[in-house]
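Those protein sequences? They're chains B and D, same order as listed. Under the numbering used here, the first residue of the first sequence is numbered 1, with each subsequent residue one higher. Under the numbering used here, the first residue of the second sequence is numbered 1001, with each subsequent residue one higher.
Be aware that a few hints might be false.
Derived Cβ-Cβ restraints for the label pairs, each shown as a range [stated by the list, open to error]: (1) D:Glu-1219 / B:Met-209: 57 to 67 Å; (2) D:Gln-1197 / B:Glu-158: 25 to 35 Å; (3) B:Val-153 / D:Val-1003: 22 to 32 Å; (4) D:Asn-1182 / B:Met-262: 24 to 34 Å; (5) D:Gly-1030 / B:Ala-134: 29 to 39 Å; (6) B:Thr-105 / D:Pro-1101: 45 to 55 Å; (7) B:Ala-134 / D:Asp-1023: 49 to 59 Å; (8) B:Thr-206 / D:Met-1234: 18 to 28 Å; (9) B:Ala-134 / D:Met-1001: 35 to 45 Å; (10) B:Asp-225 / D:Gln-1197: 48 to 58 Å; (11) B:Glu-158 / D:Ser-1038: 51 to 61 Å; (12) D:Met-1288 / B:Thr-206: 43 to 53 Å; (13) D:Gly-1030 / B:Gly-267: 18 to 28 Å; (14) D:Ala-1063 / B:Thr-206: 42 to 52 Å.
Straight-line distance between alpha carbons at most 25 Å, and here's what the computed DSS-like set of lysine-lysine pairs gives [claimed, not checked]: (15) B:Lys-95 / B:Lys-62; (16) D:Lys-1013 / B:Lys-263; (17) B:Lys-13 / B:Lys-95; (18) D:Lys-1133 / B:Lys-260; (19) B:Lys-32 / B:Lys-62; (20) D:Lys-1117 / D:Lys-1133.
Please keep in mind that the hints were generated in silico from the structure rather than gathered at the bench. Even glycine gets a Cβ: it sits at the ideal position worked out from N, Cα and C.
The chain contents come next:
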Amino acid sequence: MLLIGERINVITKAQRAAMEARDPKPIQEIAKAQVEAGATMLDINIGPAEDDGPQLMDWIVKTVQEVVQVPLCLDTTNLDAIRAGLKAHNNEWGKPMINSTSGETVRLNTFMPVAAEFQCDIIGLCLSGSGLPADANERCAIAVDIMGKAAEVGLPIENIHLDPLVLMLNGNQEQAMHCINAVEMFQTLNDPPMKTVVGLSNIANTAPMEMKGILTAVFYKMLVDAGLSGAIIDTLEKDFMEVVRTGDPASVYPAEHVEKTMKVMRGEIMYAHSFLEV
Amino acid sequence: MAVEILKENYAGKVLSMTIGVGDRAVTVGGATALPFHSFEGEVGNRPLIAYEVLDTVPEDPPASLQEELESVWDDPVKWAKYCQDEQGARAIALRLVSTDPDGQDASPESAAETVKKVLDAIDIPLVILGCFKEAKDGPVLKAAADAARGCNCLIGKAQEENYKTIAAAATANGHKLIAFSNLDFNLAKQINILLSQADFDINNIVTDPTASALGYGLEYTYSVIERIRAAGLMQNDAMMQPPMFLDLSSVVWKVKEVKASEEDLPEWGDRTERAVHWEAATATSLLMAGAEIMVMTSPRAIQTVEKTIDQLMA
């Protein structure tokens, strides 16, 4: 399982300040902590970084790889910054990854050639120009577009990690199963099976703090059962990492709660923030 | 070979609830199938339309309502009696608009006085609605609930910010409660869970999923009601089985189609007819979705909808 630590992120105040000041310490500390906790790759989210994207990415990639021996997932919409990051990346620790292209033509035309040029990995987010995908079939159609583009530009499709686009459970309950089904279907699109990855925390967006843990853990377990090969996660969440280790949410949460949460994911019980308490 | 009609089997049912006391008490709910699917199960009790009565003369009322109600709306007691005695209302919904802090800001005590007077004048069930400002509705509905003690009224609307106060007042005085959520079935379930956790009996709740007028989001309300009904009936979700309460009056009479004059929009036709039909059409649609209690304003629109209900229940 590819476990991509999500904590180096411009949205976090402390990380943002460190990026702006080019202060290596806070970034290196959180990089080390994530790898010690089990991350096998680190996401480097510098945001759009319009002013100094390439310089920032170059600096941060070197700064992080000074202290951890894992490949990095370069997360920005700034293509010049991506290029700079790929150049700076130490491939001794593994292939870098671009986060991400979508199925939108403009994105495919710009990001895929760069992935091909560097022969690196890339996340293919199943989002098209025409709004959110309605179900697993629509996600597969977008996946096929992404794979087609890879073939066109000379990127091995083994380098693509298909992301079904996780939406928050609250308000999009039926989408949870569409995601799980999409992960299963993606694998049938190629032999050997396509790799898959999800931004896991999305599932618990807008849910109360006390619910985030179990929602994330149960959804992860269901995705893994469907054949998921990678996830962008918070490896510093101890409870979650315990579930990753045991493969069983019931090792952390009451079995009855896990069972009920699975029913909510499957749409058999309507979601409400306090559904566990009924 | 005869064709066998496929029928849905429902695991759950809509809870039934009685409001009011004595001979004129009304029971709603009780369906064991989707609305008016009499071929699949019990249709349940007749939907109830509560005639809206304001505790103060309406500000900037649409002309068509003026024609129908101007002679009675200077006094909530007169208005309520008119609905009961002249129009054959089965219930009254008294809206305490005077308590609005952004308007007259009347005190909870004065609202309670009005409630008492109206209750003395009628023998049909009373729905008591606040001004729909969370902070003010707490004390107002508490005072109103005290004043209406033992009359088995339906009070609300309880929202996430004030449900504890209102639920406690309802319990203490033997009333039923309107649980409001803002056009979101997940939140409709959540407020019922919260009320249950506060020891409020799910059998004493009606769900207000937020009404919308025709042309102004009716289809969203429709879908939310459908989803709630499906959860209650098909998934037997105990938190999704209370009867459905739709406050049409609060939304229909604000829209352009009921207010615009014939001089401004001659192509829209007769203003009065247009307005009455707008409320009736909205109500009929919401009945199809699953409304058990509706608050409506125009007596003519209500008569039209009652006739539709006659046909649907026949």
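Now for the hints, and whether the structure bears them out:
no., hint, verdict
1, D:Glu-1219 / B:Met-209: 57 to 67 Å, "violated (34 Å)"
2, D:Gln-1197 / B:Glu-158: 25 to 35 Å, "violated (51 Å)"
3, B:Val-153 / D:Val-1003: 22 to 32 Å, "violated (57 Å)"
4, D:Asn-1182 / B:Met-262: 24 to 34 Å, "holds (28 Å)"
5, D:Gly-1030 / B:Ala-134: 29 to 39 Å, "holds (36 Å)"
6, B:Thr-105 / D:Pro-1101: 45 to 55 Å, "holds (53 Å)"
7, B:Ala-134 / D:Asp-1023: 49 to 59 Å, "holds (53 Å)"
8, B:Thr-206 / D:Met-1234: 18 to 28 Å, "holds (26 Å)"
9, B:Ala-134 / D:Met-1001: 35 to 45 Å, "holds (38 Å)"
10, B:Asp-225 / D:Gln-1197: 48 to 58 Å, "violated (33 Å)"
11, B:Glu-158 / D:Ser-1038: 51 to 61 Å, "holds (59 Å)"
12, D:Met-1288 / B:Thr-206: 43 to 53 Å, "violated (31 Å)"
13, D:Gly-1030 / B:Gly-267: 18 to 28 Å, "holds (27 Å)"
14, D:Ala-1063 / B:Thr-206: 42 to 52 Å, "holds (44 Å)"
15, B:Lys-95 / B:Lys-62, "holds (15 Å)"
16, D:Lys-1013 / B:Lys-263, "holds (21 Å)"
17, B:Lys-13 / B:Lys-95, "violated (29 Å)"
18, D:Lys-1133 / B:Lys-260, "violated (36 Å)"
19, B:Lys-32 / B:Lys-62, "holds (14 Å)"
20, D:Lys-1117 / D:Lys-1133, "holds (23 Å)"
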